[in-house]
Amino acid sequence: MTTIAPARATAPEAVPPRPPTRILRNTALTAATVVALAAFWSIDIQWSRLTSLPGEVVRYLGLMFSTPSWDKLPEALRQTLRSVEMAWLGTVLGILLSFPLSFLAARGYGPAPVRAGLRGLFSLIRAVPEIIIAIIILSVTGLTPLTGALALAVNSVGTLGKWGYESVEGVDPGPVEAVRAAGGSTVEALRWGVWPSAATDFFSFWLYRFEINVRASAVLGLIGVGGIGDMLTSYTQYREWPTVGVLLIVVVIVTMLIDAVSGMVRRRLTDGSRER
Amino acid sequence: MIPTTTTPPTAGPRTSYLDVPPRPAGRWKPWAALAVVVLLTAATLGPWAIGFDADAIARNWRNGADRILKLLSPDWSFFPRTVEPMLETLQMAVVATVVGAAVSLPVSLWAARPTNPNVWTRGAVRCALNVVRAVPELLYVAVLVAMVGVGALPGVIALVLFNTGIIVKMVSETVDGSDRGPLEAGRAAGGTQSQINRTIALPDMLPSFVNQTLYVLELNVRASAVLGLVGAGGLGLLVDAVRTYYRYDQLSLIILEILVAVLVIDLVSSIVRRRLV
Amino acid sequence: MTVAPQQVTSRSWPVRVRDVTVRYPGGVTALDGVTLDIEAGEMVSIVGLSGSGKSTLVRTINGLVPVTSGSVVVGEHTLSTLSGRQARAVRGSIGMIFQGFNLAKRTTVLNNVLVGRLAHTPTWRTLLGAYTAADKQIAFEALDRVGILEKTWHRASALSGGQQQRVAIARALTQEPRIVLADEPVASLDPPSAHAVMGDLRRINTELGITVLTNLHLLDLAREYGTRMIGLRAGKVVYDGPAATASDAVFEEIYGRSIRQQDVLGG
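Heads up: the protein sequence lines correspond to chains R, D and W, in order. With the first letter of the first sequence counted as 1, position 5 gets the number 5 in this note's numbering; the numbers rise by one all the way through. Positions in the second sequence are counted from 1; adding 1000 to them yields this note's numbering. Positions in the third sequence are counted from 1; adding 2000 to them yields this note's numbering.
Okay, chain R solo, but in the shape it has when bound (with noise of 0.2 Å):
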């Protein structure tokens, strides 16, 4: 450490040592920029239709917000309520469901087979779009605002349960020991060890999902389960593009304004639990 470089009056030219070849990063970045070339110069575009699409940008947002029909407001403002509605009971529902399950999911709490099971049922309901779990159920629940909401329940189990199990697990090991220590169970240990300081990442992970949820229920829309996507495909189709404007601000103020209100509830959590 206290090696000092001997003291020079003329310092002959400082040889470098020879840089790091790195051939695994070189690889990888050749790969990815393969990939990208690839796709690129084999997807079905034609990208000379994208010189068109400023002047269609503007000549659409005309359209749609020189003169938007304010008297589907009211319509517009029920099924945004519709979508919403759709969202929360989803969020909630997920929930009620994912919350004990990601604590069966976490290692050291759940019997390995269990854990395995349900980290494979997270992944495989993460990969599927809520679209298509929609679809699915739908067969038995029909075409109602139900069927939205149950298929963004199922969708926020695969993302709230790994969250959530990822999160039991970064908890900091000394408490939970303090509780097996003191002999308590690990129901015990869950409780007083682990719930005191994953409690506000559970919190901000289930109004994030709702966040997301809000969104996902606009989509949802779209095969008809009632909501504002609803209302958005049928103008869309009928190219009613002044409806479909006073839709889009509805859509972007409501869904700001959730998000608005989340982050600030998010925020005194976390704040909360730091003062405390």
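Keep in mind that the hints were calculated from the coordinates and are not lab data. It cannot be assumed that every hint is accurate.
One side of the interface only, derived from the structure: several residues of chain W facing chain R at Cβ under 7 Å [unchecked claim]: (1) Y2024; (2) D2037; (3) E2042; (4) D2144; (5) L2149; (6) T2152; (7) Y2255.
Ideal Cβ positions, reconstructed from N, Cα and C, are used throughout, including at glycine.
Guided by the hints, dock chains D and W onto chain R, whose structure is given.
Structure of chains D and W alone, referenced to chain R:
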């Protein structure tokens, strides 16, 4: 040994001589929050809102269950017809990820406080992104199909918007939370903001950026599998067809293929992530 | 980069601080009417407790903190009159070393040291990462001077604290500075590394003739490594004189309290 005369300390009324500080106020708050959640949920279940029609479910149950059981026996003969749409889905996902990442890299730096001290441009970038993020990707496609016609192009544009929203949000938050010291060193050395961003901020945010890009690639495979429902090409077109005829055995094969694609990407990205830290 | 010491001396800059007051937006007065003359080639220790204004003082000298009133002249440049571009050029000639090293931890030592060339490099070259061979050679010389040339291709985060601070010194040297400022350069280091880093700073001063200003709160380091010592208390200069002979009483005057164990590094 002196016989011990002290009884072990026990809880209960015996401790009443202790000066226990009063419970802090505000302990009702979590319960109030829970009550609000329960009430709101009950309200959404009412017949005036989403409703819960047990009769209809009972009626549909038998024939619905039959269809769902079909999921367990995928129609393998359907495979050849899925190859091309699957490829298109992957192409869309990759192209959108590349373009989205390329756009997001500078925008992330503009959207973060340490790398863009200008309040106005930063605010404008963030505001625009919030609007972009508030529109679900399928709704972009629905409108874009009208603008540029059906095919992969509207899907790719929608995914690019969607990706940029996600990457910029996550990466700029990382930059916001990062140590300002190294950037100060860049300023002290007389660098311009863009030089500092390139030489100091960029290497530090790169792992987070690559991470989000890989995550977005996975999301894109999943999303581009359904964009076809509104006319954007890829597997979604098939999904639309099989759902009309309730061919859940074919749907099952499609789901399997998406699953395999997502799992492969997941595997590759977890390897990259492990090397990245 | 084979410049004889006496030539370098003529290239190093003096610092003239005239009645400088710095008041932060929160209302805190960090510097209160400070006047100092530091000649080219001096090795100065600035001593004071945390909050005494010594961090602010070095940051007014490279213009990172604007003065509320008064003037700072480095070399021939009056900082408050400079445009943004001129200010960056001046900063390019003033190296700075920080308590927390402030390296970009995830990139190589070389890339960190090349940050010292920012003010001398066109932006497009920086954006492409295309430094000239001459710039790289300056970086290698600097790394060689602080004895960690063999770490050139390592990630900064893989180095020990003392080595990281030497990378930071190399970064400052790569600027080919006329002044080097150091803000508590050894406060995060163990005693042997601290002495090594202080030794490096002294050699920069004696061999290259560069003006060096070092913020310290440890009295033995201030005595050993400075020729001149400036004491700050509550934003005012309360001592200005030779370092080696400054008695404990002088330090008690600067700190406004008696000397404690923590004011000495030892080692």
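I'd like to know which numbered hints this structure contradicts. Please list them from smallest to largest. Of the numbered hints, 1, 2, 3 and 7 do not hold.
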